[in-house]
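Engineer: One letter stands for each residue in the lines below.
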Amino acid sequence: MTLRQQIITIAVVVLGTMTTRFLAFILFPEGKTPPKFISYLGTVLPFAVIGLLVVYCLKDAVFAPFHGLPELIAITVVVLLHLWKKNTLLSIGVGTVVYMVLVQAVFLS
Amino acid sequence: MKRKAFLAAFPHTLPIAVGFLFLGMSYGFYMRSAGFPFLFPMLTSMFIFAGSMEFVTVNLLLSPFNPLSVFLLTLMVNARHVFYGISLLDKYKNVGWKKPYLIFGMCDESFTINCAVEPPQDVDRGWFMFFITLLNQFYWVTGATLGALLGSFLRFDTTGIDFVMTALFVVMFINQWRQSEKHGPALVGLGVSFACLLVFKSNFILPAMALIVLWFAFTAARKEKNV
Chain A
1 MTLRQQIITI
11 AVVVLGTMTT
21 RFLAFILFPE
31 GKTPPKFISY
41 LGTVLPFAVI
51 GLLVVYCLKD
61 AVFAPFHGLP
71 ELIAITVVVL
81 LHLWKKNTLL
91 SIGVGTVVYM
101 VLVQAVFLS
Chain B
110 MKRKAFLAAF
120 PHTLPIAVGF
130 LFLGMSYGFY
140 MRSAGFPFLF
150 PMLTSMFIFA
160 GSMEFVTVNL
170 LLSPFNPLSV
180 FLLTLMVNAR
190 HVFYGISLLD
200 KYKNVGWKKP
210 YLIFGMCDES
220 FTINCAVEPP
230 QDVDRGWFMF
240 FITLLNQFYW
250 VTGATLGALL
260 GSFLRFDTTG
270 IDFVMTALFV
280 VMFINQWRQS
290 EKHGPALVGL
300 GVSFACLLVF
310 KSNFILPAMA
320 LIVLWFAFTA
330 ARKEKNV
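Protein chains in written order, with the numbering used here: chain A, 1 to 109; chain B, 110 to 336.
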């Protein structure tokens with residue numbers, strides 16, 4: 001690829017990404033009431049999408065040699081710690097350290 | 110007003126600072142080792158600002174030139190953003206000039222925080238969400254640029270640091286679970302996505318999105334009937 005083609009390629013990726021981000025806001029602008037079903041989606045999707053994101057993070061791990069076991073252990077730690085202490089930073093920090101130890105020292109492929 | 114919003118927003122972005130600085134560095138280093146000058150990761154991280162797509166872009170730049178297929182691939186990889194938009198239609202109302210920037214910077218992590226965290230009552234909501242988005246982007250671009258410049262000097266093993274993001278989403282999931290009395294939508298998102306992952310493997314996201322919408326269309330129709 002020439003430099004010009006590279007710049008065009010990057011610009012197209014930017015355009016594609018922005019299309020996905022702006023789409024809902026362009027279709028349903030502030031002044032107008034969105035269709036009922038879209039408003040309903042607006043109330044339920046916030047909960048569903050974060051579940052989708054959790055699964056999205058595991059999409060490669062599930063099919064890796066350990067079938068997501070290190071992820072499962074670390075997520076269990078995060079959930080239990082968070083239910084117990086209710087401290088976001090603590091849960092994320094400890095969970096991540098546990099996971100790093102697991103993949104660097106325990107589950108070696 | 111701005112100062113207060115900044116101070117309220119900053120602690121929420123700390124886990125993302127750790128994740129983005131390290132992941133951004135690995136991205137910058139990766140792009141640099143593929144033979145691109147450091148300006149490339151700096152500019153792509155700033156303007157694309159969608160982590161997984163930026164990694165894909167490195168491969169695209171090394172393949173034959175084909176803008177149309179690049180565009181379609183980007184739409185597919187980033188399709189989940191459409192759901193973020195629908196989820197935030199209400200929250201991003203009445204924030205004035207900040208709105209286009211909030212939408213531009215709506216990455217997974219900024220979406221999650223802006224969606225799941227309510228700022229304290231005496232803090233301006235618009236500025237709070239603005240700083241969440243801006244700080245996250247700042248971490249990512251800084252990480253990518255540093256990685257491109259210094260990547261080869263990095264010595265300590267950061268394998269697994271990307272789990273910060275998984276942990277963040279899990280914690281936000283629990284926080285939302287606590288705030289809400291109805292757990293149906295959260296379970297639908299988790300369950301349908303996981304089922305689709307098992308069936309469709311790494312291409313699960315589009316079928317999962319379609320099924321989630323169908324499911325909610327079904328529940329909405331049923332609700333209508335019962336009223």
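Among the hints, erroneous ones may be present.
Said to hold, decoys possible - Ranges of calculated distance between the beta carbons of each label pair, as one might list FRET restraints:
#  : chain 1 : residue 1 : chain 2 : residue 2 : range
1  : B       : D266      : A       : H67       : 15 to 25 Å
2  : A       : H67       : B       : M110      : 48 to 58 Å
3  : B       : S289      : A       : M1        : 11 to 21 Å
4  : A       : M1        : B       : K111      : 19 to 29 Å
5  : A       : V101      : B       : F247      : 27 to 37 Å
6  : A       : S109      : B       : K291      : 40 to 50 Å
7  : A       : M1        : B       : S161      : 14 to 24 Å
8  : A       : L80       : B       : E333      : 13 to 23 Å
9  : A       : I8        : B       : H292      : 42 to 52 Å
10 : A       : S109      : B       : L307      : 17 to 27 Å
11 : A       : L69       : B       : F174      : 21 to 31 Å
12 : A       : M1        : B       : D266      : 26 to 36 Å
Claimed, not checked - Sample of chain A residues at the chain B side, in silico, Cβ under 10 Å:
#  : residue
13 : L15
14 : T20
15 : G51
16 : L69
17 : E71
18 : T88
19 : S91
Derived from the structure by calculation, the hints contain no laboratory data. No experiment lies behind these values; they were computed from the predicted model shown. Ideal placement from N, C-alpha and C gives every residue a C-beta, glycine not left out.
Engineer: Failing hints, ascending?
Structural biologist: Those not satisfied are hints 3, 4, 8, 11 and 16.
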